[in-house]
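Just so you know, the protein sequences line up as chains U and E, in that order.
Residue 1 is where the first sequence starts when you use our numbering, and the numbers rise one by one after that.
Residue 1 is where the second sequence starts when you use our numbering, and the numbers rise one by one after that.
Don't read these hints as lab results, they were simulated from the structure.
Just so you know, not all the hints are guaranteed correct.
Result set (DSS-like, lysine-lysine): computed pairs, CA atoms no more than 30 Å apart in a straight line [said to hold, decoys possible]: (1) K396/U - K468/E; (2) K159/U - K161/E; (3) K134/E - K159/U; (4) K508/U - K468/E; (5) K532/U - K532/E; (6) K508/E - K293/U; (7) K159/E - K159/U; (8) K134/U - K161/E; (9) K356/E - K396/U; (10) K142/U - K161/U; (11) K457/E - K508/E; (12) K468/U - K396/E; (13) K396/U - K508/E; (14) K134/U - K159/E; (15) K292/E - K508/U; (16) K508/U - K293/E.
Number of protein chains: 2
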Amino acid sequence: MKIALAQINYHTGNFEYNTQQILTHVAAAKAEHADLVVFAELAITGYPARDFLEFEHFLQLSDEAIQRIAQAAEGIAVIVGAPARNLQGEGKPLFNAAYFLAEGKVQQVVAKTLLPTYDVFDEYRYFEPAFSNKLVHFKGVKIAISICEDLWNVGHHAKYKRNPLAEIGAAAADLIVNIAASPFSVGQEAERAYVLGEAVNTYGKPLLYVNHVGAQTELVFDGASTARNAAGEIVLQLPTFETAMDYVVFEAGVLAASAATNLAPVASSNIQLIHDALVLGIRDYFRKLGFKKAIIGLSGGIDSALVTVLAARALGPENVHTLLMPSRYSSDHSVNDSVALVNNLGVSYEIVSIEKVFSAYEETLRPAFAGTQPDITEENLQSRIRGMLLMAHTNKFGSILLNTSNKSELAVGYGTLYGDMCGGLSVIGDLYKTEVFALCHYINREAEVMPSNILTKPPSAELRPDQKDSDSLPDYEILDKLLFHYIEERQAPAAIRAMGYDEALVNKVMRLVNINEYKRHQTPPILRVSNKAFGMGRRLPIVARYLN
Amino acid sequence: MKIALAQINYHTGNFEYNTQQILTHVAAAKAEHADLVVFAELAITGYPARDFLEFEHFLQLSDEAIQRIAQAAEGIAVIVGAPARNLQGEGKPLFNAAYFLAEGKVQQVVAKTLLPTYDVFDEYRYFEPAFSNKLVHFKGVKIAISICEDLWNVGHHAKYKRNPLAEIGAAAADLIVNIAASPFSVGQEAERAYVLGEAVNTYGKPLLYVNHVGAQTELVFDGASTARNAAGEIVLQLPTFETAMDYVVFEAGVLAASAATNLAPVASSNIQLIHDALVLGIRDYFRKLGFKKAIIGLSGGIDSALVTVLAARALGPENVHTLLMPSRYSSDHSVNDSVALVNNLGVSYEIVSIEKVFSAYEETLRPAFAGTQPDITEENLQSRIRGMLLMAHTNKFGSILLNTSNKSELAVGYGTLYGDMCGGLSVIGDLYKTEVFALCHYINREAEVMPSNILTKPPSAELRPDQKDSDSLPDYEILDKLLFHYIEERQAPAAIRAMGYDEALVNKVMRLVNINEYKRHQTPPILRVSNKAFGMGRRLPIVARYLN
Numbered sequence: 001m002k003i004a005l006a007q008i009n010y011h012t013g014n015f016e017y018n019t020q021q022i023l024t025h026v027a028a029a030k031a032e033h034a035d036l037v038v039f040a041e042l043a044i045t046g047y048p049a050r051d052f053l054e055f056e057h058f059l060q061l062s063d064e065a066i067q068r069i070a071q072a073a074e075g076i077a078v079i080v081g082a083p084a085r086n087l088q089g090e091g092k093p094l095f096n097a098a099y100f101l102a103e104g105k106v107q108q109v110v111a112k113t114l115l116p117t118y119d120v121f122d123e124y125r126y127f128e129p130a131f132s133n134k135l136v137h138f139k140g141v142k143i144a145i146s147i148c149e150d151l152w153n154v155g156h157h158a159k160y161k162r163n164p165l166a167e168i169g170a171a172a173a174d175l176i177v178n179i180a181a182s183p184f185s186v187g188q189e190a191e192r193a194y195v196l197g198e199a200v201n202t203y204g205k206p207l208l209y210v211n212h213v214g215a216q217t218e219l220v221f222d223g224a225s226t227a228r229n230a231a232g233e234i235v236l237q238l239p240t241f242e243t244a245m246d247y248v249v250f251e252a253g254v255l256a257a258s259a260a261t262n263l264a265p266v267a268s269s270n271i272q273l274i275h276d277a278l279v280l281g282i283r284d285y286f287r288k289l290g291f292k293k294a295i296i297g298l299s300g301g302i303d304s305a306l307v308t309v310l311a312a313r314a315l316g317p318e319n320v321h322t323l324l325m326p327s328r329y330s331s332d333h334s335v336n337d338s339v340a341l342v343n344n345l346g347v348s349y350e351i352v353s354i355e356k357v358f359s360a361y362e363e364t365l366r367p368a369f370a371g372t373q374p375d376i377t378e379e380n381l382q383s384r385i386r387g388m389l390l391m392a393h394t395n396k397f398g399s400i401l402l403n404t405s406n407k408s409e410l411a412v413g414y415g416t417l418y419g420d421m422c423g424g425l426s427v428i429g430d431l432y433k434t435e436v437f438a439l440c441h442y443i444n445r446e447a448e449v450m451p452s453n454i455l456t457k458p459p460s461a462e463l464r465p466d467q468k469d470s471d472s473l474p475d476y477e478i479l480d481k482l483l484f485h486y487i488e489e490r491q492a493p494a495a496i497r498a499m500g501y502d503e504a505l506v507n508k509v510m511r512l513v514n515i516n517e518y519k520r521h522q523t524p525p526i527l528r529v530s531n532k533a534f535g536m537g538r539r540l541p542i543v544a545r546y547l548n
Numbered sequence: 001m002k003i004a005l006a007q008i009n010y011h012t013g014n015f016e017y018n019t020q021q022i023l024t025h026v027a028a029a030k031a032e033h034a035d036l037v038v039f040a041e042l043a044i045t046g047y048p049a050r051d052f053l054e055f056e057h058f059l060q061l062s063d064e065a066i067q068r069i070a071q072a073a074e075g076i077a078v079i080v081g082a083p084a085r086n087l088q089g090e091g092k093p094l095f096n097a098a099y100f101l102a103e104g105k106v107q108q109v110v111a112k113t114l115l116p117t118y119d120v121f122d123e124y125r126y127f128e129p130a131f132s133n134k135l136v137h138f139k140g141v142k143i144a145i146s147i148c149e150d151l152w153n154v155g156h157h158a159k160y161k162r163n164p165l166a167e168i169g170a171a172a173a174d175l176i177v178n179i180a181a182s183p184f185s186v187g188q189e190a191e192r193a194y195v196l197g198e199a200v201n202t203y204g205k206p207l208l209y210v211n212h213v214g215a216q217t218e219l220v221f222d223g224a225s226t227a228r229n230a231a232g233e234i235v236l237q238l239p240t241f242e243t244a245m246d247y248v249v250f251e252a253g254v255l256a257a258s259a260a261t262n263l264a265p266v267a268s269s270n271i272q273l274i275h276d277a278l279v280l281g282i283r284d285y286f287r288k289l290g291f292k293k294a295i296i297g298l299s300g301g302i303d304s305a306l307v308t309v310l311a312a313r314a315l316g317p318e319n320v321h322t323l324l325m326p327s328r329y330s331s332d333h334s335v336n337d338s339v340a341l342v343n344n345l346g347v348s349y350e351i352v353s354i355e356k357v358f359s360a361y362e363e364t365l366r367p368a369f370a371g372t373q374p375d376i377t378e379e380n381l382q383s384r385i386r387g388m389l390l391m392a393h394t395n396k397f398g399s400i401l402l403n404t405s406n407k408s409e410l411a412v413g414y415g416t417l418y419g420d421m422c423g424g425l426s427v428i429g430d431l432y433k434t435e436v437f438a439l440c441h442y443i444n445r446e447a448e449v450m451p452s453n454i455l456t457k458p459p460s461a462e463l464r465p466d467q468k469d470s471d472s473l474p475d476y477e478i479l480d481k482l483l484f485h486y487i488e489e490r491q492a493p494a495a496i497r498a499m500g501y502d503e504a505l506v507n508k509v510m511r512l513v514n515i516n517e518y519k520r521h522q523t524p525p526i527l528r529v530s531n532k533a534f535g536m537g538r539r540l541p542i543v544a545r546y547l548n
């Protein structure tokens, strides 16, 4: 039996596009004499479809798409993910299901048992856990179909009480199939390999794993679909961050590569994966929204420079425009370094002074501000003027502003709401400042894409004379570690202090993280590359008093 | 047996405050010779504590608070909600629990079985459903303790397969207690009464219901704690939107009012409930964040006028400042009507022209915009200048900007990101424009608090000459109904058309709702008064193609 693994870049809610993609791949697999083609979890709707799953009309479109694909399943069988109705009169109205299609119709529906409801996942919001499932019998082969999280009930305190592979009878199966919607984050690759390995080891069966590829707003799916034989050896590895389809052969209980199969090279480093995830994240955000052009405010600092490089790679330099907006506090090198960068990249730029507008604000506010001293207000104003000029460009020319905030800033609130926090998409909002540096060095590993001066000068917001980030913040080397202990690890203050950090500093940083939730509530969506990104996967109250 | 129902305004994460409140009420109930005092669901942590429930240190503080309260439970028993550890080695690490405290220690823990995970609720994100529960035996009375949603498994397609009251053995109990965290929305009161009635009718037992009161960011808890006897009659009714404690007596199987008990008057209308919810929502937002002063941009229109009235009632007029920011397109009545309003209210104001700043932006953008015509860009700029001036005031004087967007605008994207969409809290973002009018008429029911001209003139953004909302939008009477069918009811386009609406209009409105998700992603938190508010309870993808 020849089996195709189809790794596709779906578009949430775009039933016509998703169905066409699936039909095209079914036809291609059939032309290659495949017996079965496997698509990803909730491929029909895209993932995550979120509350669209509560719209009956949306579900009808999904049902119709399944029927269309079923009709094309003649001479080839199809496994594809879509919602299924719970008709049993109790529990959530839907299952997250895998459809087995053959001979022109739906032959069997397998429901997901373990519904991830943590971090960015909300599946129990929509879906009822499977009541019971059965093996699929196809051409003498017994297939245990599972859906993503169904394999993830591992570790010393398992998240779930049920074991879907045991329940479906994987011990009696010939082959395990897992269809997934598993987004990229650093470390996810290794964990996924461990989980797939556990399933193979436990049941001694070969396993096919088919994932999504492509970005849906903040989530970037890396693909990396794979097949393992019963010994756990990888016989097929699809690439990361690219669409692909390839084949395996299952004969006499043995899963093997088909003649033409290539093992895609595995990324050599986390920083390369992050780079590729962000480029795909930008590209898909624009493409799927129907936009082409980006605008970026270039400060002369490392964050905006990095975002410009990534945008030029994602969209083409001809689609990236930059504004350099010096003020009275800007250093010469801010403009010079930025010009050197955009010339390297072939990106267009304009230099626009914010002085005239700033003076007009000062004059307009003078009566109200009489008797007060300049403070953070005037710093924020400069940042906001830049935001407004950039937004005016997006309105006039139909582009999207890319936000350049990093995770360290967002964590401690070192940014101006409606100023440098503006934008349609936050590109590096899930990278700590030290990771921003690392990614820049990765980009410069062979040639000086980014002028070295941008990488070496001390970070500064340049909103008052001789300002440096280090005036208000600890060194990023220390700050980022502290933030990681609190945000990713959720460590207690005492535990962090016990690692050797200064008590006042620990308290200050934790307090800053907590009181700035209100700012993060209004940030653009952030491309997620860590296992705890700000945004949909981290939900904290604004009005609260805890460590603040 | 004398039982106290304690309806308290908790503060999320503020263990010291919450514990003190509980201890004070325990002491007061003891002084009144109560045998038992009942507090709300997750009273110790506040509700919703959201991802703080994933912080071990946060949970330790909760555990410590429970121990402190247990020690005070001498001569009186206490039922109070807090997280409990799941020590069984599988499933989520916590239960949402009711602690029964007596004789100075924790006597029994009852876990919640049905975990709401829809709309604004995320409980399965944190909690494992109860494995099993037992009746509490206290002074010869068998109490079936349940937690909020545990009673809500009703209707023709029940959300859950389990029945907590049946499992715990409510048929053998003498008394049912339900501790809740049930936020206000229009219609919730009636549904709650139905659900409580069903529990009493099914088991023929008296029931005590204790809810939170007070706002936690967007959720406003209305209190309205109550007690019903076995015949379903209300014997105690605590007030809406106010803290309170009162008593019932349970003797020989009969629940009755205690001598001193009063039935709080029930609100006479939904519009009164909405009014009271918004006033409390504003007040608690400021109080719990430690702020006193609000600022509002007064346009001369009905939305900002209404927010100013509500803010003056919530914070006191002396804590509300307004800016009137006319442009070249503002009509005279915009300023005059606003001045009349603030004089009625005793609120301070300044008139600040945006002309100088607007001209400076025009001049600064002239080179880039050469050859283009004025369009939405210039309209947005005016709105954004006003936002920036208001934000400058908040920075300089330590106030919070109140946002004045309504739900109709937010739905169709008729507002400017970083302009009139700025603010720390959206006060009327869950009121359709027609509801805004209704609330204004309610406010003016006895005296002209709001100048009638504000209520009668046609809505306009005044961003270009003679602009009216009706230039771009259908009449609000029609628009709001359409929006309700789509947002609250999630009706299909064909179903809405079948109600008699124009096809092109239906398609346009649905498309506008969907493509403006990106704007709503960056709005301030919105006080929730409907059962489908924009914000945490409505989660839709930004990058999607569905009805757009």
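Here is what the structure says about each hint:
no. : hint            : result
1   : K396/U - K468/E : holds, 22 Å
2   : K159/U - K161/E : holds, 20 Å
3   : K134/E - K159/U : holds, 25 Å
4   : K508/U - K468/E : violated, 49 Å
5   : K532/U - K532/E : holds, 28 Å
6   : K508/E - K293/U : holds, 25 Å
7   : K159/E - K159/U : holds, 22 Å
8   : K134/U - K161/E : holds, 21 Å
9   : K356/E - K396/U : holds, 21 Å
10  : K142/U - K161/U : holds, 25 Å
11  : K457/E - K508/E : holds, 26 Å
12  : K468/U - K396/E : holds, 22 Å
13  : K396/U - K508/E : holds, 22 Å
14  : K134/U - K159/E : holds, 24 Å
15  : K292/E - K508/U : holds, 23 Å
16  : K508/U - K293/E : holds, 25 Å
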